[in-house]
Amino acid sequence: MKQQINPEETKRAFAFEMWLNAPMPMVTLVKTMDVSRLARLSKKSGVKFNTLMCWCIGKAATETEELYLLPEGGQLFRYDRIAINVVVRNRKGGINSCDIPFSADLQQFNRDYLELTTNVAEECQSSFLDGYMIVGTSAMIQTELDCVVNQYTDKFLNPMVMWGKYRKSWFKTLLPVSFQFHHVQMDGGDAARFLERLQREIRGL
810 MKQQINPEET KRAFAFEMWL NAPMPMVTLV KTMDVSRLAR LSKKSGVKFN TLMCWCIGKA
870 ATETEELYLL PEGGQLFRYD RIAINVVVRN RKGGINSCDI PFSADLQQFN RDYLELTTNV
930 AEECQSSFLD GYMIVGTSAM IQTELDCVVN QYTDKFLNPM VMWGKYRKSW FKTLLPVSFQ
990 FHHVQMDGGD AARFLERLQR EIRGL
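Convert by adding 809 to the 1-based position in the sequence shown; the result is the number in the working numbering.
These aren't lab readings, by the way, just hints derived from the structure by calculation. Worth double-checking, as some hints may not be accurate.
The list that follows gives simulated cross-link-like pairs (lysine-lysine, DSS-like), each with its CA atoms no further than 27 Å apart [as the list claims (entries may be wrong)]:
id: 1; residue 1: K901; residue 2: K974
id: 2; residue 1: K977; residue 2: K964
id: 3; residue 1: K853; residue 2: K840
id: 4; residue 1: K901; residue 2: K811
id: 5; residue 1: K857; residue 2: K981
id: 6; residue 1: K964; residue 2: K853
id: 7; residue 1: K811; residue 2: K977
id: 8; residue 1: K964; residue 2: K852
id: 9; residue 1: K981; residue 2: K964
id: 10; residue 1: K857; residue 2: K811
id: 11; residue 1: K964; residue 2: K901
id: 12; residue 1: K981; residue 2: K840
id: 13; residue 1: K981; residue 2: K811
id: 14; residue 1: K974; residue 2: K811
With beta-carbon atoms standing in for the labels, derived distance ranges [to be verified]:
id: 15; residue 1: L829; residue 2: E872; range: 42 to 52 Å
id: 16; residue 1: S978; residue 2: D889; range: 34 to 44 Å
id: 17; residue 1: Q951; residue 2: Q884; range: 21 to 31 Å
Since the model is a prediction, treat every value here as computed from it, not as a measurement. In this text, a Cβ means the ideal position worked out from N, Cα and C, and glycines have one as well.
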């Protein structure tokens, strides 16, 4: 569920005034993550690496109060639940979007991930959830990437986490992760703390 709130009654009041009508209000931070544990766990459990990555993103997002806020249509809204959006390659070779409700239960999230993305791939039709704060993701695993900067459009102001193919070495598996967010939603320091939470979730899963 989402609820319209008065920006003046939140700590985002100054940011709302400063950045709501900025021509380019999106900010991108890049952090190289140690995903060694996710890579090992994926091989051991059979759960897809991207599923584990999306679960960790959702877990870190639920602990970041700014990620429950989003400007829309000149107003500020607060959400009470989070979903992860993934890009799905469909059976015709095109792509569709799929929203997956976040569950703190990894097994439940994995079941939802597999069921929903399979349906989207087969039906070649995007699946969206109403009333959820959507954290977008995009995994371009065809090649190693240093950074991803997404397009800016007023049709999608939601935060976005993006990555390419992870990099193996003798001792670690590393993955540069790009995090794009709306400046009304959070400041750079808030975003940096989110990325630190994400790294902790990855290491602790």
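Results for each hint:
Between K901 and K974 the CA atoms are separated by roughly 23 Å; this keeps the pair inside 27 Å, and the hint holds. The suggested pairing of K977 with K964 is violated, with an alpha-carbon distance near 36 Å, which exceeds 27 Å. Restraint check for K853 and K840: satisfied, since their Cα atoms lie roughly 26 Å apart, inside the 27 Å limit. The suggested pairing of K901 with K811 is violated, with an alpha-carbon distance near 35 Å, which exceeds 27 Å.
Proposed proximity of K857 and K981 is supported: the alpha carbons are some 19 Å apart, at most 27 Å. Straight-line distance between C-alpha atoms of K964 and K853 comes to about 39 Å, which puts the hinted pair past the 27 Å bound. As the CA atoms of K811 and K977 are separated by approximately 41 Å, the hinted pair breaks the 27 Å bound. For the given pair, K964 sits about 37 Å from K852 by alpha-carbon distance, which is inconsistent with the 27 Å threshold.
Using a Cα cut-off of 27 Å, the hinted pair K981 and K964 is violated, with the two alpha carbons roughly 38 Å apart. Of the supplied pair hints, the one linking K857 and K811 is violated, its CA atoms being roughly 31 Å apart against a limit of 27 Å. Annotation: proposed proximity of K964 to K901 holds, straight-line Cα distance about 25 Å (limit 27 Å). Proposed proximity of K981 and K840 is supported: the alpha carbons are some 15 Å apart, at most 27 Å.
Restraint check: the Cα-Cα separation between K981 and K811 comes to about 40 Å, which exceeds 27 Å; the hinted pair is violated. Proposed proximity of K974 and K811 is contradicted: the alpha carbons are some 35 Å apart, above 27 Å. Range check, L829 to E872: Cβ separation about 26 Å, and the 42 to 52 Å hint is violated. Taking 34 to 44 Å as the suggested C-beta distance range, the pair S978 and D889 conforms, at roughly 41 Å.
Remark: the range hint 21 to 31 Å for Q951 to Q884 is contradicted by a beta-carbon distance near 39 Å.
Against the hints set out earlier in the document, violations occur for numbers 2, 4, 6, 7, 8, 9, 10, 13, 14, 15 and 17.
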